[in-house]
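As given, the protein sequences belong to chains A and B, one line each in that order.
FYI, our numbering numbers position 43 of the first sequence as 43, with every residue one higher than the one before it.
FYI, our numbering numbers position 217 of the second sequence as 217, with every residue one higher than the one before it.
Hints are computed from structural coordinates only; laboratory data are not their basis.
Just so it is clear, CB atoms sit at the ideal spot from N, CA and C, and this is done for glycine as well.
Do not take every clue at face value.
Here are some of the chain A residues that sit facing chain B, going by a computed Cβ distance under 8 angstroms [unchecked claim]:
#1 Val16
#2 Gly19
#3 Val54
#4 Thr61
#5 Tyr65
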Amino acid sequence: MDYAALASIICAAFVVAFGAIGPALAEGRAVAAAMDAIARQPEAANTISRTLFVGLAMIETTAIYCLVIALLLLFANPLLA
Amino acid sequence: MTSPLESIVLFRLGPIPVTQAVLVTWAIMAILVAGSVLITRRLTLVPSRRQSALELIVTTIDIQIVETTGVAPAPYRAFIGTLFLFILVANWSSLVPGIEPPTARLETDAALAVLVFLSVIWFGVRGDGVGGYLRSFAAPNPVMIPLNILQSLTRVFSMFVRLFGNVMSGAFVIGIVASLAGLLVPIPLMALDLLTGLVQAYIFAILAMVFITSTLKDGRPATAEAVPDPSQKKKET
Chain A
1 MDYAALASII
11 CAAFVVAFGA
21 IGPALAEGRA
31 VAAAMDAIAR
41 QPEAANTISR
51 TLFVGLAMIE
61 TTAIYCLVIA
71 LLLLFANPLL
81 A
Chain B
1 MTSPLESIVL
11 FRLGPIPVTQ
21 AVLVTWAIMA
31 ILVAGSVLIT
41 RRLTLVPSRR
51 QSALELIVTT
61 IDIQIVETTG
71 VAPAPYRAFI
81 GTLFLFILVA
91 NWSSLVPGIE
101 PPTARLETDA
111 ALAVLVFLSV
121 IWFGVRGDGV
131 GGYLRSFAAP
141 NPVMIPLNIL
151 QSLTRVFSMF
161 VRLFGNVMSG
171 AFVIGIVASL
181 AGLLVPIPLM
191 ALDLLTGLVQ
201 AYIFAILAMV
211 FITSTLKDGR
221 PATAEAVPDP
231 SQKKKET
């Protein structure tokens, strides 16, 4: 049985699963804060949402890194070559 | 399922292998250049309908540059605008059946990020001189020099991994869903992909702009900070 392949598939699943937790919580907090700010100051909605989008993309990058690592494990694994 | 990290060579031009991403990139470049030439061929003072659309795009890019960084947009408009339009069209090219967006390939994104890296140096040297550009590494104090050098590399790296990851994951998920369930199921995901493509193009351009202006600001002597920025006034109006 090929343990390296099995381990890398399980690890890829874990990477995506746990890598999504942090960004999910962080994006939730960011959006909640932005909603709060827009509710208090609707005239600043444009600036807030623009900054929010940039911030969300920054936060999302950590999850994307995890996805790339998972894809590396699945498709470009140096142990399986 | 093909790996999203590898490229399939379609044909070879002499010793150069040509992949689908390269082909689509050149097609997008041709479309953008031809469109720009066609629209700007006859510019009038009282704009026609097409010219109005063009002016709308250019003004929007200008406003975004001014609002995010507070500098005069003229020197950066060409580079940032081209970056934004190219990435936007590339991300949205996945809507054409059979075409995979070139930004879903590592090499295209890496090339774009290298462009941003070089343009940071170019605009930094042009704005503040070679000394000013080198001084920007010692901001806020010389202890930060190794960290600043590291940062100038890692931020470019994170930029291209971000674009690659977002666009590739969109195309990948659509591929998986389409292979699992029929014809109409992937359509909401494709609509989401449109939004992601737009946001990623916007973020790539804005981040490039932020990197350029932060280098310019750091490279300036400290006294320049006290002078109020004339572009700030423009923001109010």
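Status of each hint after checking the structure:
For valine 16 (chain A), the suggested interface contact is broken, since its CB lies about 10 angstroms from the closest CB of chain B, more than 8 angstroms. A distance limit of 8 angstroms between C-beta atoms decides the matter here; for glycine 19 (chain A) the minimum to chain B is near 11 angstroms, and the interface restraint is violated. At about 6 angstroms, the closest approach between the beta carbon of valine 54 (chain A) and any beta carbon in chain B falls short of 8 angstroms, and the interface hint on this residue holds. Given the 8 angstroms rule on beta carbons, the hint for threonine 61 (chain A) holds: about 5 angstroms separates it from the nearest Cβ of chain B.
The criterion of a C-beta within 8 angstroms of any C-beta in chain B is met by tyrosine 65 (chain A), whose closest approach is roughly 7 angstroms, and the hint holds.
Violated hints, listed in ascending order, are 1, 2; each of the other numbered hints is respected by the structure.
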